[in-house]
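Residues per chain are reported as follows:
Protein chains: 4
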Amino acid sequence: MGTAIHRIEIPTIMEVNSGIMENVGSLLERAGIFKVVLFFGEGIRELFGEKIIASIKGKASLTLLETFDFDDIAVENLIPRGFSIPSKAEAVVGVGGGKVLDAAKYIAFLNNLPFVSIPTSTSNDGFSSSGCSLLIGGKRTSVHAAMPFGIIVDLEVIKNAPAKFIYSGLGDIVSKITAVYDWYFEERNNAAKVDDFAAMLAKKSVNSIVRMPYTDITEQFFQKEMVDSLTMSGIAMEIAGNSSPASGSEHLISHALDRVLEKPQLHGIQVGIATYLMSLVQQHRSERIQKFLGDTGFFDYVSTLDLKAEAFEKAVDLAPSIKPNRFTSIHVEENRSKAKELLKSNAILKKILRND
Amino acid sequence: MGTAIHRIEIPTIMEVNSGIMENVGSLLERAGIFKVVLFFGEGIRELFGEKIIASIKGKASLTLLETFDFDDIAVENLIPRGFSIPSKAEAVVGVGGGKVLDAAKYIAFLNNLPFVSIPTSTSNDGFSSSGCSLLIGGKRTSVHAAMPFGIIVDLEVIKNAPAKFIYSGLGDIVSKITAVYDWYFEERNNAAKVDDFAAMLAKKSVNSIVRMPYTDITEQFFQKEMVDSLTMSGIAMEIAGNSSPASGSEHLISHALDRVLEKPQLHGIQVGIATYLMSLVQQHRSERIQKFLGDTGFFDYVSTLDLKAEAFEKAVDLAPSIKPNRFTSIHVEENRSKAKELLKSNAILKKILRND
Amino acid sequence: MGTAIHRIEIPTIMEVNSGIMENVGSLLERAGIFKVVLFFGEGIRELFGEKIIASIKGKASLTLLETFDFDDIAVENLIPRGFSIPSKAEAVVGVGGGKVLDAAKYIAFLNNLPFVSIPTSTSNDGFSSSGCSLLIGGKRTSVHAAMPFGIIVDLEVIKNAPAKFIYSGLGDIVSKITAVYDWYFEERNNAAKVDDFAAMLAKKSVNSIVRMPYTDITEQFFQKEMVDSLTMSGIAMEIAGNSSPASGSEHLISHALDRVLEKPQLHGIQVGIATYLMSLVQQHRSERIQKFLGDTGFFDYVSTLDLKAEAFEKAVDLAPSIKPNRFTSIHVEENRSKAKELLKSNAILKKILRND
Amino acid sequence: MGTAIHRIEIPTIMEVNSGIMENVGSLLERAGIFKVVLFFGEGIRELFGEKIIASIKGKASLTLLETFDFDDIAVENLIPRGFSIPSKAEAVVGVGGGKVLDAAKYIAFLNNLPFVSIPTSTSNDGFSSSGCSLLIGGKRTSVHAAMPFGIIVDLEVIKNAPAKFIYSGLGDIVSKITAVYDWYFEERNNAAKVDDFAAMLAKKSVNSIVRMPYTDITEQFFQKEMVDSLTMSGIAMEIAGNSSPASGSEHLISHALDRVLEKPQLHGIQVGIATYLMSLVQQHRSERIQKFLGDTGFFDYVSTLDLKAEAFEKAVDLAPSIKPNRFTSIHVEENRSKAKELLKSNAILKKILRND
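Protein chains in written order, with our numbering: chain A, 1 to 356; chain B, 1 to 356; chain C, 1 to 356; chain D, 1 to 356.
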């Protein structure tokens, strides 16, 4: 029979709440993890180190084997570090931004240990997904690791992160709309098989937040929804077995921008702009996206960045070559022309990007 | 180590679309299922039998071993039926309402075969969950089976189901709000351990639909969201390993009503009313629920049913004894008084239930 | 990709040792099971009940919810019993022979609970396999349940079981030789696909014991090997997803004998004789089987049973119809003739079976 | 509940037969693998490359994306190689000895792809286990990867491998006897928890071969048993989640010898000698081991190697420090003295090792 049951891995610890940096120790204990190593990103130990370490040392059953300040994602440095952590470790805990989470996630993977993800900003869905972005031969490359065993998000911390991280997170969330569209587009063109359940989760993740009433994007209720949405996006990729439910043409444009721009912006910022652009090209829910990115202040923030429309034009042309095996809307010549045309004609894009 | 990975089973086939009764054969084939038995609920063969059977017979690789008109959920009848299906069967397909889906799901389980769920109405989350409601010793009892391997929902069919089924489905959806509240309530009282990920999914499932703009509850976009929400609810229970994320005090009241009323209403109808009641008791998101049940026409529908407030009062008193091991809001004496008081004083409840 | 990982379930508790009835409580506790129900077969409570119950009650963390004397395998009695065990139960423990183990295993399965298997004789591999033999409509039928979560075998108990149980266990063990031969025979005839790993385990299970030096089949070393071999046979079926690695033409003859004989012998006794017969037909390792069944005293025991060769002749003719979907050596007309001929001509068969 | 089901991964392809290098293509196809990359060890392409490549190219559904001659196990070289294989690859196939299998297994792991293991000699259980031996910082280090998805062993090839590889395989097999003894020894000393099922499999793996009659260790029947035994040893480690069922004090002595000797011998050769030594220390089945290693010609082969007893003495002293977290027989001072004494007094050891 070809009817194997589809089993997926999901996080065992998942705590999203205010003021829970002090509870890290008890969360680990409750999940049956007793001996850990801690990785801090740059500057993170100063901010949260004391609280987290105290919460672990305060538990008689827990042992903090070693702590590291390390967020190097170049494989040539990461691998030796990874294979020299204490052999008694039962889990690897990473605290900080995208880089330390990727580094610690990969080190956990290399050692076949559970990874506990403690993001201090949630600018994309990396904290809740199985993938890692590493530097291989100096080039950013997406590699496979494992789903986090635990996700601990202190909303107090997230809320106080610079606004750009929140905007970046929101940009990454809306991208599910164009990404899922592209996935079905690929299926219609016999270039992929959509996993309907993964697609549904990805859509639910964005719909629940874009339809949500709020007064301020820093209010806790809104931020919790944002973190939950990013988490569901990570799970959708786990179910699909690839990044398609969460990453379509808009992500390709952002990856292309990373090559075009001398100083790329935060991943989710670039993705958010590209999502709006591609939704216009796809003629798919662009009003919803426009309203959400407008209301939340995302567009206003982008206008302060002095980004050039020209860079986006180049990125549009480059995008298909980033993943030549896929067939998203941007892989179609006509759509690229349309996108470049829109960069010049669409009122909002003209306002937030510089045309000179 | 106590850090076992949490693995869950999810459906492999999941198709929610219009006019797909004709695609059943190709969906089975794509999933590697070749020899099937079909179970139809009462009256279902006349409506959809021809189309589904033709779609299977039209595929050279498929064999339709046998078809049954059978939706008896009394174990004494179900078991012998279950153990006499053709031994070559590779999957059991059920088509129809709650009873045939429960019967076919259990027969699949007894034979260790995948179950493909084809609901013709979606009045609750039974079509997408691992549980079954059977008659054991003449009493409705929830028993464990397995997650459906496939879920195929034809929106054309759902849309044309009597309105009461849609209202029932909506009633079951909003119940996640009070159910998740009760689950955390139990945790605060050391009577349960919440699985945060399951709770999040349950919340997302309801939030994405209650916040959704729509003009008519029979429009396809809305109905798809409804089906997706009920499916996510089924998955949330699978993750939790129990029904807590989808079933709290409001479900206990509905189960109690089944005993109190001579002619119980559809499960989701009873649950929907009880959800509104309990949200007032919990003082938790009652406005949102009121708006949703009002706007969709749920309350208007309920007023046509001639239900007595008195029956609800009795059900409130009976509710805790339905599941004595749990500790939901309704297990607290004070809350039961408050609920009974609200049945007499709340304007909406007074309008939709008869007080005489 | 069609390359799904093959995952199987294996027992968590597996203790085979002398005098361990007293350790049942601590074995459960160590495995994280705290609330149990106990099922005793007929006459078993008198023999071991006190010891086992004391071992559970002696542990402060354990609760013995209820004990039953129940070994009814007729589904019409088993199902109501199954659905009325205490809802707090975390595991079902069965103690005794084949019938109570089947009953308790099925009750555990119906309740989605782990099953702990404590055989008091090991006359076949039922104590370690996922299958059950139930009476459905009055007919012995093999149905699917789940792998035991725990297997606890007290060698002191096994050793003191009547000799016929040991002979039966040995008969079931050697049958893997003809069963695996038949499985590959089916594959050569395109009637099955062998799982090589399952076949290997089945072969290892029998080879390790038939090649073993011993002086007495009741010595502990030998008995442990026997229990281990039967356990591996159960696992081999779990891997294969069916009974083929452990059950071929020799089992079909035994099933046929159950219908032919007014008073069938123990399963493994019948199987052992049929294994010798079929190994002669297959011309496959018959000398090894003859030596093992001769040396252990199996043949001598059989000669005391007054079995008629005629019954075996009838069973040979009936055998293929027991599982018409399979294609073992006995499904070939020529082999049936050969088998019936051997029943008349083979010296050993003539000696152990009555020809009149 | 703490009663999680214990699930393990087992190989999907497992073919051990004569002349099957020509069937590699069809075995891959049958398992649903269509696009592969091939890694050959040094000199292996010349011997078997043509046959394997033809078997893949001969299948219309298969694509051979790229072939590599690469068996570098230094991580600094392995990682860049690993991350540059074609992105369309659905599986990594390794052909050759221990080094290429380790390299290809790790590359498959890094890419989350199934690994197909085609050993050309079976000098240890590496071809069937999830572990890899890599050079990290120039030091041989055991790291975690994943169970092979497929194991294909051509007995024709194995048989023609130099005799030392066969002796090495046999040495690795008998080591399960002392390894399992040490595991239970650790449990008695509260230094480990034995998984009884893994221990049973490890014991069965060695018992079925040491008790086997044969006339020549190169005959196919014997070689198949050897391959099967090594495979079961790999599975036993997978079940245990660590190497304890397959590796005890005898392996520590061999690891120590790797440091002591300028030119270490094959792993299984060193392990076999150490197994005999430790069985004398443990007073556990040393006669069985002595008979097996004597009869197969293992001891005779060892006498040709000019190994010094002195090196073993040093290794005995060094052994405990190799894995300070374990507590095997060699971790006990008294046993080390006994072992060193035996190196001087035991007749066989005196004969096969040089004392000068």
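You may find that some hints are simply not true.
[Unchecked claim] List of simulated lysine to any residue pairs, SDA-like, C-alpha gap at most 20 Å:
| # | chain 1 | residue 1 | chain 2 | residue 2 |
| --- | --- | --- | --- | --- |
| 1 | C | Lys139 | B | Glu76 |
| 2 | C | Lys351 | C | Arg259 |
| 3 | C | Lys88 | B | Thr141 |
| 4 | B | Lys99 | B | Ser61 |
[What the hints assert, rightly or not] Derived Cβ-Cβ restraints for the label pairs, each shown as a range:
| # | chain 1 | residue 1 | chain 2 | residue 2 | range |
| --- | --- | --- | --- | --- | --- |
| 5 | D | Pro213 | C | Gln220 | 41 to 49 Å |
| 6 | A | Val332 | B | Leu305 | 27 to 35 Å |
| 7 | D | Glu66 | C | Arg30 | 45 to 53 Å |
| 8 | C | Ala74 | A | Gly32 | 48 to 56 Å |
| 9 | C | Ala74 | B | Arg140 | 46 to 54 Å |
| 10 | C | Pro264 | B | Ala191 | 23 to 31 Å |
The set of hints was computed from the structure by calculation and includes no laboratory data.
C-beta: ideal position from N, C-alpha, C; glycine also.
Going through the hints against the structure:
1. C:Lys139 x B:Glu76: 16 Å, holds
2. C:Lys351 x C:Arg259: Status violated; Cα separation ~24 Å.
3. C:Lys88 x B:Thr141: 16 Å, holds
4. B:Lys99 x B:Ser61: This hinted pair is violated, its Cα atoms lying about 30 Å apart.
5. D:Pro213 x C:Gln220: 41 to 49 Å: Given a distance of about 25 Å, which is not inside 41 to 49 Å, the answer is violated.
6. A:Val332 x B:Leu305: 27 to 35 Å: Violated, since Val332 (chain A) and Leu305 (chain B) (Cβ atoms, about 53 Å apart) do not stay within the stated range.
7. D:Glu66 x C:Arg30: 45 to 53 Å: 50 Å, holds
8. C:Ala74 x A:Gly32: 48 to 56 Å: 42 Å, violated
9. C:Ala74 x B:Arg140: 46 to 54 Å: 24 Å, violated
10. C:Pro264 x B:Ala191: 23 to 31 Å: 52 Å, violated
The structure shown violates the earlier hints numbered 2, 4, 5, 6, 8, 9 and 10.
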